[in-house]
Amino acid sequence: MASDMTKPILDALSASDAPIISNQAFPSIPSTNVKSALDRLGSRQMVEYETMDREVISLTEEGETIANNGSHEVKVFQAVVAAMDGLKISDLPGIVGKDNAKVGQGNAFKKGWIKKDKDLLRPNTESVVDDTRELLMTVKNTQTLGDQKAIADLKRRKLITLQKVVTFKISKGPKYAKEFVKEETDLTFDMLNSGSWKTVNLKPYNFKAKGAPTTAGALHPLNKVRQEFRNIFFEMGFEEMPTNRYVETGFWNFDALFVPQQHPARDLQDTFYIADPAKADPPREDPLNDPHRPKSAQPASKATTAKPLDYKDYWENVREVHQNGKYGSIGYRYPWSADECLRLVLRTHTTSVSAYVLHKLAADPRPARFFSIDRVFRNEAVDATHLAEFHQIEGVIADFGLTLGGLIGFMEVFFAKMGIHQLRFKPAYNPYTEPSMEIFGYHDGLGKWVEIGNSGMFRPEMLEPMGLPKDMRVYGWGLSLERPTMIKYGVSNIRELVGHKVDLNFIETNPAVRLEKD
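Throughout the sequence shown, residue numbering follows the UniProt record's numbering, covering 1 to 518 in sequence.
The set of hints was computed from the structure by calculation and includes no laboratory data.
Backbone N, C-alpha and C define an ideal beta-carbon position, used for all residues, glycine too.
There could be a bad hint or two in this list.
[What the hints assert, rightly or not] Listed below are the simulated EDC-like cross-link pairs for lysine to aspartate or glutamate, each with C-alpha atoms no more than 16 Å apart in a straight line:
hint, residue 1, residue 2
1, LYS140, GLU64
2, LYS470, GLU434
3, LYS110, ASP153
4, LYS115, ASP85
5, LYS208, ASP39
6, LYS178, GLU48
7, LYS118, ASP85
8, LYS210, ASP39
9, LYS102, ASP91
10, LYS111, ASP153
11, LYS326, GLU464
12, LYS198, GLU183
13, LYS470, ASP399
14, LYS172, GLU48
15, LYS224, GLU508
16, LYS102, GLU62
17, LYS140, ASP190
18, LYS158, GLU62
19, LYS7, ASP131
20, LYS155, GLU61
21, LYS110, ASP131
22, LYS158, ASP91
23, LYS169, GLU48
24, LYS198, ASP186
[Claimed, not checked] Label-pair restraints from in silico Cβ distances:
hint, residue 1, residue 2, range
25, PRO242, SER337, 26 to 34 Å
26, ASP186, GLN227, 39 to 47 Å
27, ASP503, SER337, 46 to 54 Å
28, GLY447, ARG369, 28 to 36 Å
29, ALA209, ASN23, 26 to 34 Å
30, MET137, VAL166, 24 to 32 Å
31, PRO264, GLU508, 37 to 45 Å
Using the sequences and the hints, build the whole thing.
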C-alpha cells in the first residue's frame, strides 16, 4: 500500500546524505506503490523525485531453455554430424524433437551449416558457433544488448521480451521530516467544540487534482443537426407543422397526394401496414374545430366569410379526381376503393402532414410557410446508407403567382444557409408535384455532385380538391436528416449513427455543428 511506503522512504533518506534510487533501495517493491507514496510526500514538499525510465530485456521460457541447453539449429547440426552416412529428414524429429527439428533445420540451412543430399541431411562445415545462445547469455547477465538488429531478430523468434522499468531518483524536499505526521481531512464538531482545530494538522487541498467525471445526458448528433435546420426555417419565417401522428390512413399518406392506389409504393414491399386495427373510421370531424391546426392556418377573424371544405366533401373530391377526373384532369380512371383508402400505415413521408395542413389552410387561403422534421418509415433493406426508419425534412410555401423559377431561386437561398452554394436541378417524377426537380449539390469534401433533395410544385389534382383557389400555388421540397448529419460528423455507416450499434462515447463527445461551416 502507498501509505506503507512513506516511512521506509523517509527512513532511507535519513540514512543517506545523497539521493536514493528506488529500485536499489526497494528492489522488491512495485514502482506503482513507490510512486503513490512519493506523490503523497511530494505534495507536502517533504521529498523531491525524478522519474527515470529504461527498457530492459528479459528471456522468455524458450529463450531461457536455449541459454541453458543450446539453440535448436546447433542441436540439428550435432544430430547431422553424428550420423556418419547422412541423416534422413524424416528421422530428424525423433532425434531432436518435433519443435526443435522444424525451427532448427530452417535456421541451420539459412546459416549454411547443413546441406541436403537427395533425402539425406549432411554437414556443410566442420564446426559452428552457437551465436544465438551467446546473445541470450549476454541478455541474461546484463538485461541489455547493443545490437538492435539482433534484438529485433530475437524478439521476432519470441526468445526475448522488452519491458519498461520505471525508477525514481529521490532526494529530500524543503519540508523534509523524519516522521510523516497524520493529517486530518475533515473539520469536525468535536474539533470546534474542544478547540483542537487550532493545533491539528489539516490536509491541504489539492486544487490541481482532476475532479471525477460527472455523467450527464448528451444531445444526439441528429438532434443537433435537426435544431440547426429548425433555426434556418424559423429565420426564414416558417411555422412548424404538427408531426405527432406516426400512423396515418392511406387517404392522407397516398390518396390526398394524388398517388394512385395501384402505385408500387403502396405495396407491402415499401409500406408498413398496421395489422390491428387494420382500418380507420371514415372522415367525420369539422376542420375548423381541429386543435392541431397551425396558427397561420386559422381564419383571420371570427367574421371571415371563408367556408371550410368539409372532410366528407373533400373525401368525395379525392375519389372523383382519382376515378373519373376533375378540375381539368382526366384522373387515373380506375375504380377507387374506400377500403384501400382507410387502411392504416406507418407514414412513408411527412408530406401526409403537409396535405393535412394545406387542407386546413383552405378554410382561409392566404400566403403561408410550413415545415416539418420527423420520422418516416419504409420497408427497405437495411444497409450502410438505409434503415427502415429515417427523418424527413420538408418545407411547404403557399402563395399566389408562384413560378418554377421562384422555387429554384428559393432553393439557392435555402441551401446557401447550409454552406451549399453550387446547385444543379434535374427533372424528376413525383405523383403529387408537377413540375418536379431533384436537387444536386457539389460536395467539396467528396469532390463530386451528390443528390441532396427533391422538390416540385404541388399538382392541381392535389390542391383543388382541398378547396384551395385555382390561382394559389404551393412549393414543396424535402431531404433527409441522416445524410447531412453523416457528412458533417464523418459517419460512413448509418448503423453507427442510429440503432443498437451506436458508440455511446461518440454520442457524449461529438462536437456542436454549424451547417454553414465546412
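Item to check | Given pair status - ASP190, LYS140, alpha carbons within 16 Å | outcome: violated (60 Å)
Checklist entry - Is the hinted pair LYS470 and GLU434 satisfied, with a Cα-Cα distance of at most 16 Å? => result OK: LYS470 and GLU434 at ~15 Å, within 16 Å.
Next on the checklist: Please verify whether LYS155 and GLU61 have alpha carbons no more than 16 Å apart.
Outcome noted: holds (13 Å)
Checklist entry - Is the straight-line distance between the alpha-carbon of LYS178 and that of GLU48 16 Å or less? => result holds (14 Å)
Checklist entry - Holds or violated: are the alpha carbons of LYS198 and GLU183 at most 16 Å from each other? => result The hint holds at about 13 Å.
Checklist entry - Does the alpha-carbon distance linking LYS326 and GLU464 stay inside the 16 Å limit? => result It holds: about 9 Å lies between the C-alpha atoms, which stays within 16 Å.
Next on the checklist: Just to be careful, I want the Cα atoms of LYS224 and GLU508 compared with a cutoff of 16 Å; is the pair within it?
Outcome noted: holds (12 Å)
Checklist entry - How does the Cβ-Cβ distance of PRO242 and SER337 compare with 26 to 34 Å: does it lie in that range? => result holds (28 Å)
Next on the checklist: Check whether the Cα positions of LYS210 and ASP39 lie no farther apart than 16 Å.
Outcome noted: holds (15 Å)
Checklist entry - Hey, LYS7 versus ASP131, does the alpha-carbon distance stay inside 16 Å? => result violated (48 Å)
Checklist entry - Is LYS158 within 16 Å of ASP91, Cα to Cα? => result Status violated; Cα separation ~26 Å.
Item to check | Verdict for GLY447, ARG369 (Cβ pair) under range 28 to 36 Å | outcome: holds (34 Å)
Comparing the model with each earlier hint shows violations of hints 17, 19 and 22; every other hint is respected.
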